[in-house]
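Chemist: Each chain, letter by letter, is given below.
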Amino acid sequence: MRRDFLDPYSRLDSPIHRLGAGTKLGTALGLVVLVLVVPTSRPVALAAVAAALVAIAVCSRVPWRFLAGRVLMLEPLVLGVAGLALLQPGGWRLFLFLLARSTLCLGTMVLLSNTTPFEDLLRVMKAAHMPALLVTTLSLLYRYLFVLVDEAGRMKRARASRTFTRRRAWAWHTGASVVSQLFIRSSERAERIHAAMCARGWR
Amino acid sequence: MHIPDGFLDARTAVATGALAAAGLGIALRQARVHLPPRRVPLLGVTAAFVFAAQMVNFPVAGGTSGHLIGAVLAAALLGPSAAVVVVSSVLIVQCLMFADGGLSALGANILNMGVLGTVGGWAIYHGVSRVVRGLFGRVLAATFAAWCSTVLASIACAGELAVSGTVAWRLVLPAMAGVHALIGLGEGVITALVLAGIARTRPELLEPDAAIEPRTSVAAVAAYGAVIAMTLALFASPLASRWPDGLDRTAEALGFGEKAAPPVLNAPIPGYEMPGIGGDALATALAGGTGTLVVLALSWLVARVLVPRARVDDPPGAVGEP
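Protein chains in written order, with this note's numbering: chain A, 31 to 233; chain B, 754 to 1075.
Chain B with its partners taken away, still in its complex shape (with noise of 0.2 Å):
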């Protein structure tokens, strides 16, 4: 999902660099608020601890693998801010190192992986396991947190491109959004298995405490909420394009609003067509509804093999003990 250098215009690149710099700089600032002086070298290593374990493969078919990209593992070990300040800088290292991601897509890669993946999918986490409780409930929510942390890093992705002009969104959309559902499901896998294996030995390293924010304050999620919700205006708005509301009028305040390419493909489903809402953007939110309600279900079955049932009703101190 690193973009490459010369897919993005240069509005693209400015706008995705300003709203990167802005949620980078709330999770350094966080950061700093939250983390005592003897957990910061704790950051630096646990990105490197990133790197390398983007290093090991898991074989899919065919002799392809694929590896973790570990943004809601960091989120879900480490917190929200901190989690965003370790994804940024192994994407920083992977461009001026070797060359995985543009120097002009800089910015529009960290925020659609270090920001929006991994404030978006930590947030998807922490509500999760706040309604499912106990090791198995955190392993349910960082597994479909996963999912949707590289689903929609991916759909900003595709937003930036096809407001580039590089591709039309009706291609770009499907293409990003459907090779992510499937490696979503590779990373949620992983992402469940790493922290089994974490609560097998180190149990401690899961409770919230051991987390550098055990608590956001209503300032930073505003913060975060505000970078999210430009970002999805700004570049998920073709989606929502036929809605009447304001997502398209900003688009076209900011000039996106010309940008958007004509119909390539036609809707999957005619049928579908209701008077005022465009089709094919209902069966694309209806495809996207159950495909995220199915991998709900396979999260649960994910986690409900990794944590059997007789460790549910312990209490939360004794999860995962011997």
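Just chain A, with the same shape it has in the complex (with noise of 0.2 Å):
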């Protein structure tokens, strides 16, 4: 099963992996609101908040290379929304600003997507009392997810050895069809989890 797309560094072992999924989740959310309330006159507070999620980078042994990828991965988007802010007059300063604390919140995520496994997270929203067909349906999204993108691989990786165009139009075709093709899979799958379920004493 392919599941280094997602966190591939979240199984490490390092003090900061060791922490509880609680602390690091305040710590995330505080970190972010934290760089949220920095007034625009005061970007020197941003470079504390970098140099404290540097430290936090280093103790977790996350391979560097991958922590700045997946930031610049996912920076088109800051970029996108912060682009607008340079049509505005004056927009530099505000567009180095949004840059800057954008790429901080960022990093912080990754930081926390890439150290804390999912179900940890899960049992903290459960021990906060969010509602159970919320965290039942998080966990099930959590475990087929793998098995599906492998799924759908797999469809994948059929059509294109027997499909030998590449014309727009037909790789649509194709391509929703992987998708239809995927969910009627999907919804049978639910049906064998239920059985699956049921035969483990689920309710």
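Derived from the structure by calculation, the hints contain no laboratory data. Wrong hints could be hidden among the right ones.
Which residues of chain B face chain A? A partial, calculated answer using Cβ under 7 Å [to be verified]:
{"no.": "1", "residue": "781"}
{"no.": "2", "residue": "805"}
{"no.": "3", "residue": "811"}
{"no.": "4", "residue": "852"}
{"no.": "5", "residue": "920"}
{"no.": "6", "residue": "928"}
Even for Gly, the Cβ is constructed at its ideal location relative to N, Cα and C.
With the hints as a guide, dock the two chains, each given alone in a separate frame, to form the complex.
Modeler: Written out as structure tokens, the structure is:
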């Protein structure tokens, strides 16, 4: 099963990884809020947050290259919105400030997701009395995400090995077929999952 | 359309968070009432499906490609409340596991795509497929609703950015709505292709009884309506600020009014100025209305190509059967 595309380093062993998931979620939220309340006139405060993030990143032993790559991968979204600020009079300062702010928050969240396994976050949500149906849905989403991504990958590979055309319309047609078959297989899988859950004494 | 951290101010983040919690709360309640235990795993697996389906690329032009968003697809297949839970779960996992969409903007993202896009899209899907019957009607409705859902969510997103004072409304609205009017066309076509594909092999999955919530109660409609109306009043009010109504005052009473930025771009067609009504507001409304009608016509075309005429007159039970 391919599970390297989401949070490949969340199961490393380091002082940061050993911290409780609630602590890490709380710290991440705290850092994001801290970054957001820094006024435009005090960019120095952002440097302090950046230093803290670098310290956490070093302690967590998550490879630098990966962290930077992940942040850069998500940066276009930030640039897209921040770029609009450039069109306003005197937008340069605002643009740079928004860019720094969002990049710091992005770094925080990338660090959080790669130091905390999702099931630990789910446990925090359960302990915080989030609605049971939402927690169940999130855990099943996380559990079957990798299975379905694999399934979609197999279908894409099968399609690629049988269609020898680069025509765009055909690519859309076969792509949509993959998606609709994926839904049909998912709904059949959901029925099997329910049977398996009942067999193990669920409800 | 995932808003990253750092673009919303505290008030907007709190207001969108509260509205998103309300919308998601209604959806969870409705889903709990209607969902038989047999189908509880369906929500999670469908959410995983939406996530996986977003990784299937559709080539556009010059090496770029798009992907399905899936809000209207989920709503058409499962009903509105289950779809809200599904899309919101996908957004939560994207935020916490992939840093796609900010933590402080999670409420706004759930509100825009999970609540507004999904419930709004479903309402349009439901309305249109009631008028035009059969599989053809469902494909037409889904195509049109998918476009509307994408554009609606982008307008709310633009409003939130403008109200936060990040970018001027007059810049962000055309940029967001314009880009997403194009993205929405792709979303509409993919949704139509996927629905037609499901109808070819498992038509019973498209029957209204297959949805988790075949009938929406009046209370649920009222509750969703209240959340959507509040959202539009708070975040789309700059759009209507020239119009003499209560939206403007609501925004001002809540302290959002003074954030309305001065005009940066001039009205594209100043000749449309009418006494009492802002020229660009009218132009925007006209452009929006014309665009929507064009997309409705395009949806008709897409549905006609995917569902040939011969099938339209079939009784509903026989639709899509070989």
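Chemist: Hints broken by the structure, by number, lowest first?
Modeler: The structure breaks none of the hints.
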